[in-house]
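Listed here are the chains, written in short residue letters.
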Amino acid sequence: MRGAKSAKWVVGAVVVALAATACGGGDGDSKDKGSAANGGVFRMGSTEPDTIDPGRAHESTGILLANALFTGLYSNTPDGLAEPALAESATSDEGCTSWTFKVKPDTKFSNGEAVDAEAFARGWARAAHKAAASDVAYHFAGIKGYEQLQDGSAKTFSGVTTPDPTTIKVDLSKADCEFVLKTAHNAYSPVPKVAKVGEEDKAFGEAPVGNGPFKMDGSWEHNKAINLVRNDDYSLQKASLEKVQVTLLNDKTAQQLEYDGFQAGTFDYAHIPTPMLKTAEAKYKPQNKWFAKDTNGMNFVLPIGDNGPTNNKDARLAISYAIDRQAIAKGVFQGYQTPSTTIVPPAFPKAYQKDLCVSCVKQDVAKAKEHAEKGGLKPGTEIKFSFNTGAGHEEWVQAIAKQLEDVLGVKVKLDGKDFPGMLKEQQGNGATGIYRFAWGADYPTPENFLFPLLHSTSMNKDAEGNVVGDNRVRYNNPEFDKLIDTARSTKDEAARLTMYKQAEKMAMEDMALIPTFNRSQFRLMATDKFNGLDDINFNEDPILEKISIKK
Amino acid sequence: MSELATSPAIGDENPVSSASAPAEPRPKQLSQWGEIRHRFVQNKLAVVGLFIIAALFLTAAFGEMLAPFDPAAQDLENTLASPNGTHWMGTDALGRDMFSRLIAGTRVAMFVGLASIFFAVLIGVALGAIAGYFAGFADTLVMRIADVFLAFPLMIGAVVIILVTGRGITPVIISLAIFSWATVSRLLRSSILSVREMDYVHAAKALGASGWRIVRTHILPNSMTAVLVYATFNVGTTIVGVAALSFLGAGVPVDVPEWGNMLAAGQGFIGVNDYLWVFPSLFVVVTVLGFAFVGDGLRDALDPKLR
Amino acid sequence: MGRYVARRLGQMVIVLIGATMVLFACLFVLPGDPVGSIAGSDKARDPAVVAELKARYGLDKSLPEQYVNYVAKVATGDLGEDFVQRREVSDILAPKLQNTAKLALLAIALVTVFGMGVGIIAALYRYSILDMATTFFTTMAVGFPTFVIGMLLMKYFAVELQWFPQLGGDKLEGMVLPAVTLAVTDIAFVARLTRGTMLEVLRADYVKTAVAKGLPRRRVLFKHVLRNSSIPVVTYLGISFGALLGGALITEAIFNWDGVGLALVQAIQQQNNPIVIGVVTYSVAIFVVLSLIVDLLYAALDPRIRLS
Numbered sequence: 001m002r003g004a005k006s007a008k009w010v011v012g013a014v015v016v017a018l019a020a021t022a023c024g025g026g027d028g029d030s031k032d033k034g035s036a037a038n039g040g041v042f043r044m045g046s047t048e049p050d051t052i053d054p055g056r057a058h059e060s061t062g063i064l065l066a067n068a069l070f071t072g073l074y075s076n077t078p079d080g081l082a083e084p085a086l087a088e089s090a091t092s093d094e095g096c097t098s099w100t101f102k103v104k105p106d107t108k109f110s111n112g113e114a115v116d117a118e119a120f121a122r123g124w125a126r127a128a129h130k131a132a133a134s135d136v137a138y139h140f141a142g143i144k145g146y147e148q149l150q151d152g153s154a155k156t157f158s159g160v161t162t163p164d165p166t167t168i169k170v171d172l173s174k175a176d177c178e179f180v181l182k183t184a185h186n187a188y189s190p191v192p193k194v195a196k197v198g199e200e201d202k203a204f205g206e207a208p209v210g211n212g213p214f215k216m217d218g219s220w221e222h223n224k225a226i227n228l229v230r231n232d233d234y235s236l237q238k239a240s241l242e243k244v245q246v247t248l249l250n251d252k253t254a255q256q257l258e259y260d261g262f263q264a265g266t267f268d269y270a271h272i273p274t275p276m277l278k279t280a281e282a283k284y285k286p287q288n289k290w291f292a293k294d295t296n297g298m299n300f301v302l303p304i305g306d307n308g309p310t311n312n313k314d315a316r317l318a319i320s321y322a323i324d325r326q327a328i329a330k331g332v333f334q335g336y337q338t339p340s341t342t343i344v345p346p347a348f349p350k351a352y353q354k355d356l357c358v359s360c361v362k363q364d365v366a367k368a369k370e371h372a373e374k375g376g377l378k379p380g381t382e383i384k385f386s387f388n389t390g391a392g393h394e395e396w397v398q399a400i401a402k403q404l405e406d407v408l409g410v411k412v413k414l415d416g417k418d419f420p421g422m423l424k425e426q427q428g429n430g431a432t433g434i435y436r437f438a439w440g441a442d443y444p445t446p447e448n449f450l451f452p453l454l455h456s457t458s459m460n461k462d463a464e465g466n467v468v469g470d471n472r473v474r475y476n477n478p479e480f481d482k483l484i485d486t487a488r489s490t491k492d493e494a495a496r497l498t499m500y501k502q503a504e505k506m507a508m509e510d511m512a513l514i515p516t517f518n519r520s521q522f523r524l525m526a527t528d529k530f531n532g533l534d535d536i537n538f539n540e541d542p543i544l545e546k547i548s549i550k551k
Numbered sequence: 001m002s003e004l005a006t007s008p009a010i011g012d013e014n015p016v017s018s019a020s021a022p023a024e025p026r027p028k029q030l031s032q033w034g035e036i037r038h039r040f041v042q043n044k045l046a047v048v049g050l051f052i053i054a055a056l057f058l059t060a061a062f063g064e065m066l067a068p069f070d071p072a073a074q075d076l077e078n079t080l081a082s083p084n085g086t087h088w089m090g091t092d093a094l095g096r097d098m099f100s101r102l103i104a105g106t107r108v109a110m111f112v113g114l115a116s117i118f119f120a121v122l123i124g125v126a127l128g129a130i131a132g133y134f135a136g137f138a139d140t141l142v143m144r145i146a147d148v149f150l151a152f153p154l155m156i157g158a159v160v161i162i163l164v165t166g167r168g169i170t171p172v173i174i175s176l177a178i179f180s181w182a183t184v185s186r187l188l189r190s191s192i193l194s195v196r197e198m199d200y201v202h203a204a205k206a207l208g209a210s211g212w213r214i215v216r217t218h219i220l221p222n223s224m225t226a227v228l229v230y231a232t233f234n235v236g237t238t239i240v241g242v243a244a245l246s247f248l249g250a251g252v253p254v255d256v257p258e259w260g261n262m263l264a265a266g267q268g269f270i271g272v273n274d275y276l277w278v279f280p281s282l283f284v285v286v287t288v289l290g291f292a293f294v295g296d297g298l299r300d301a302l303d304p305k306l307r
Numbered sequence: 001m002g003r004y005v006a007r008r009l010g011q012m013v014i015v016l017i018g019a020t021m022v023l024f025a026c027l028f029v030l031p032g033d034p035v036g037s038i039a040g041s042d043k044a045r046d047p048a049v050v051a052e053l054k055a056r057y058g059l060d061k062s063l064p065e066q067y068v069n070y071v072a073k074v075a076t077g078d079l080g081e082d083f084v085q086r087r088e089v090s091d092i093l094a095p096k097l098q099n100t101a102k103l104a105l106l107a108i109a110l111v112t113v114f115g116m117g118v119g120i121i122a123a124l125y126r127y128s129i130l131d132m133a134t135t136f137f138t139t140m141a142v143g144f145p146t147f148v149i150g151m152l153l154m155k156y157f158a159v160e161l162q163w164f165p166q167l168g169g170d171k172l173e174g175m176v177l178p179a180v181t182l183a184v185t186d187i188a189f190v191a192r193l194t195r196g197t198m199l200e201v202l203r204a205d206y207v208k209t210a211v212a213k214g215l216p217r218r219r220v221l222f223k224h225v226l227r228n229s230s231i232p233v234v235t236y237l238g239i240s241f242g243a244l245l246g247g248a249l250i251t252e253a254i255f256n257w258d259g260v261g262l263a264l265v266q267a268i269q270q271q272n273n274p275i276v277i278g279v280v281t282y283s284v285a286i287f288v289v290l291s292l293i294v295d296l297l298y299a300a301l302d303p304r305i306r307l308s
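Protein chains in written order, with my numbering: chain A, 1 to 551; chain B, 1 to 307; chain C, 1 to 308.
Hints listed in this document are in silico derivations from the structure and should not be mistaken for laboratory results. For glycine and all other residues, C-beta sits at the position ideal for the given N, C-alpha and C. Incorrect hints may have been included.
Claimed, not checked - Computed Cβ-Cβ distance ranges for the label pairs, DEER-style:
| no. | chain 1 | residue 1 | chain 2 | residue 2 | range |
| --- | --- | --- | --- | --- | --- |
| 1 | C | 132 | B | 62 | 36 to 42 Å |
| 2 | B | 64 | A | 430 | 52 to 58 Å |
| 3 | A | 307 | C | 71 | 39 to 45 Å |
| 4 | A | 307 | B | 62 | 42 to 48 Å |
| 5 | C | 163 | B | 62 | 43 to 49 Å |
One chain only, chain A, in its complex shape (with noise of 0.2 Å):
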C-alpha cells in the first residue's frame, strides 16, 4: 500500500504464452553497436535499501538495482509476459519434474568472465545457503537439495548440473510446469567467482560485480547514493543511458522527498505521497508527466478461518458484504484506488475473473446481516482489526471498522502495532478476529496467489501450531488443494489457467480472503528531458535500460 517499501518483493504479472516450452530461441539480442549514440544522466530517490545483493534483494530499491545490475535466464515485461533473456530454450519433460535450460553463449560478466552454466548454478546455490540466510531463498524451495543448501550439509544444489557450459539441467522435488517463470526472479541471477559460495559475503552486496545492463560505478554508498553506469559490453539490447543517479532516502519520507526534488527539477521521476495525489494529478497531468497504473498487487482483510467469530463462511461474507468499498475509495483515497473483487488482480488478464467475488461489487447491508444472523455475528460481537501503524493504513481501516460497527453491530477493536509484534499474533495458534494483508506476486502466474496463500500445505505448521507459512487464514480446503497440485503438474497453459480460475471459484465462495482495493500506483516522470518513461516494469520501477535521452 502506501508505504514506500511496502510488499514489493513483488514482481510480475499475466500468464505467459511461453511458459513450458521452448519459446523461439531467444530473440531479445540484436547486437547493433549503432544504437549507443546516446549519454545522459537519469536522476532517481529511492529508499536506502536493505540489500542490493542479487540473491537477497527483496524490497523495492534492492530489485530495481539487482535487476539492472543482473540479467538472469528469464525476465518479465511490463505487462507480465515473462521473456526469455540469457536463455536460448527452456523445456521440460512431461510432467514438469525436470528442466533443461540453454544458456545463451559467449556473454560476460562486467569483469570479462563467462556467463555460463556454472554461472547460474553458483549463484542459485549461493542464494539458497543457509550462510546467505536470504529472505528470497524460499524461491528455490522445489529444486531438488534445497533442504541440505538450507540445513547447510551442501554447497551445491543436487538437483542442479550442468553438463555443458550452455546447459543447465534442474531436478525438481515436486512436478512445477511454471518453474520457468520462477527464473525471472532476481535470485536466480548468475555470479561471477568472486561471490562466495556458503559463506557470509557482504563484500560482493556493497559493489555487485554483475552482467546486467547497468554496472556498479563506485560503491554502495549509504544513504547517500548508489550509482550506476552503462555496461558497455552488455550481451542485449544495449541501454542509451550514460548513467544513472540513485539518490537513498529514508523510508520514512522518501515519498515526499522524491515528490519536492521532482518539482524542483532534481529528480526526473517520483512517487507522490498520497495526500498530495490530486494537486500532482492536477499539475502534471496535462504536461504528459503523469503516471497511473494498477500493478499486481491486492489488498485484502485477512480473517482468521479456524478460529474466533470469522471461523465461518457466513460470518466472513456479512463482513464483505458490510464494507462499502466505493465509498472508500472515493471519499478516504479521493479515487485514487480501485476497489478489488477478485483474489487474483487485474495485472493478470488472463486470469483476472472480474466480480468473482460477489459479495465485494457493492455494499449489501440486507445481505451482511442476513448471512452475519446465519454465521453468528450477533449485535455486539467483538472483532479484533489488527493493523501495522506508521505504514499510511490508519484512516481506511478506521472506515472499515465503523462500517463492520454501523451495519453488522459488531463491536470492532482497532490494534496497531508494529509489524513485527501483528505478524508474531497473526501465525499464532490461537489466533483470531481480522487483519490487514497485502499481497504481491513474485511470478507472473495465478498460482502465486492461490498456492501461498491458500494452500494448506502452505500453512506450514510448526510444532506449536503457529502458522509460519503465508496461509495465515488457515484455508483448508482438500478439494482446492486438489486443484492446484493438478495444475502445477499441468503442462497446458490453457487447461492449467481453467484449473486456477476454479480453484480462485471455490475460495472465493468460502470467502477464504476478503479483496478490498487493487493495488494502483502512480508516478511522475520527466518525459519532457527522456524517451521511453512510458511504463513501470513488474517491479513498479522505471525501465532504466528502455530510457533515453532527448535530444
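Based on these hints, arrange chains B and C on the given structure of chain A.
Okay, now just chains B and C, sitting in the frame of chain A:
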C-alpha cells in the same frame, strides 16, 4: 530542554541548579492564605489561565452537549471539507467533524494529563520522602534509580513501554508517569533536606515525635510547594507528551479522538489542507498555556522570592 | 576533585547498566519476533532462515545470557550487527550521529546567541517595550510544543515562502528549520533565565561596590555581572545540549533529518533491536557525561561550590 516544552524554572532542574539558589525554606505564617490568594488574583495571566482550565474542565465534562456532531460519525461523501457553516473546523479524511472531535479530545487530554501527573507525583512523593528523610542507603538507592529514569529521554522510554504493552490510554498514563516521577522525587528530596535542618523540626524531634509523624506533619507540608507548582505546570507538558506519543504512532489507539492522533493525521496535509493540523495545534497550545499561567501564578503567590 | 570525578564516573556506569537492563527487559518481552518477518513485506520468513538468524544473533539464548553477551561485546567496542541490513551498528549510526550533532550544534548556538542576547538586553532595559516583548514571547513559547513549531515553520518558510527546503537533506539550508524548531523553546527559557539572574546580580552588593569604585560600566558588565549571572545559564545550556545530542525524535521525524532520533523511531517499528539499544545507550551516556561536565564547569565558574 528535551523536545517537550518543559520549564527550567521549576521543571527539569538539575543537581546543581538547585544548589545554586539555596532554597532557604521560609518559615510560614499560618494565616497566609488570604495573602496568597490576593497575590494570585493580582497576576492577570494566572487568572486567564484559571479561566482556560475551567473552560477545559467544563468541555471535558459536558462535551457531548457542546459538540454539534457525533465525533465518531463518518461521512465518506464529505471528506476533507474545508471549514464551513456546518463543520466549523472542517472534516477529516473520514468525513468526521473536526470540531466535535477536538471537543471529545479535550476529555482524553485532561484525563490522561491529570492521571499521569497524579501517578508521577504519587510515586515521586513516596520515594522522594523516603530518600529525603531516611538519607543514607535508602537515599542513595532511590536517587540512583531516579538517575536511571532521568537519563532515559522521556519520549524514548515511553515509546518503548507502549510498544511492550500495546497502544491504549492506560499504557500512556503509566509510561508517562514512570518517566516523570524521578523529577518529583528529586525536587521533594532536596527541599526535605533543607527543611529537615530547620529549627522546628529539631524542636519536634527533641520533643520526642516519631520519625513518621515528623515527616507527615512537618516536613511534607513544608516541602510540597515546589512539587505542587511543578505538578500544575507540568499538566500541560504531560498533555503535550500524550499528543507527542500519538504523533509518533505510540499513543492511544488511532480511532480515539485525541489531539496527537489528529495532528499525526494532519501532518501529511501541510500546505494542502492546513486546518487538519492547525486546529488541533491551537487546542494543545491554549491548554498548555492555561496550565503554565496558573503554574506561574501559583509559584509567585506561594513564594514571591522565587520570582 | 579527582576522587569526585572518579565517583561520578562510577555512578555513571551504574546508571548505564541500569538503563540498558531496563531496555533489554523491555525489548525482550516485546510481542513479535524481531527476525520473523521480511522487512517491509507481509511475508513471513522461511522458518529455516529465522532459525539461522536467531542462532547468528544469539536470540535463542535466555535474556540474562543475551544481556551478558551484549555487555561483553560492547566493552570491546562492538555494538553488533543490525537485523535489517546486517551491517555493523556503529557503521550505520556514525553518520547519523554526525547529523544529529550538526543539528544540535546549530541549535545550541542559536539558543546561546539569541537566548542570552535577548535576556541581557531585556535585563539592561528593564520595563522597556523590548523587555515586555521578551516576557510575552518567553511566556508564549512554553505553550508551543515541538511538533506545532515544526509544522508552523514548515508551512510558512518552506511551503509558502519557499526560503528553505521542506525536508532536511544534509545541506545547511536544510538545517535551518529543524534547528530553529529545536531552539525556539530553549531560546525562550534561556532568555528568561538570563534576564532573571542578571537582574539579581545587578542588585548585588559587589556590583554596587564596583560601580561606586568608578569602574567603567562596560567592565562591570562583563567582568562582574555577566560572569556571575552566566552560571545557571551555562548549566541549563549544558543539559540542553545533552538532550539535543541524544537525538530529537519529533523534529527529526517532521523534517526527515537523518539523525539518531529518526533512526530510533524506525528501528522501533521494525524491532531492529541492535539499533534501538545502540541509540538509547548512547543517549543515556551522553546525558550522564554532560551532567558531569556541567557540574565541573559549575564548580569552575563559582568558587563557592565545592564538589564532594
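Outcome of the hint check:
1. Under the hint 36 to 42 Å, the C-beta atoms of residue 132 of chain C and residue 62 of chain B, about 37 Å apart, fit the expected range.
2. A beta carbon spacing of about 38 Å between residue 64 of chain B and residue 430 of chain A contradicts the range 52 to 58 Å that was offered as a hint.
3. One distance hint, 39 to 45 Å for the beta-carbon pair residue 307 of chain A and residue 71 of chain C, holds here, with the actual separation near 42 Å.
4. Roughly 43 Å separates the CB atoms of residue 307 of chain A and residue 62 of chain B, a value that falls within the hinted 42 to 48 Å.
5. At about 45 Å, the CB distance of residue 163 of chain C to residue 62 of chain B agrees with the hint of 43 to 49 Å.
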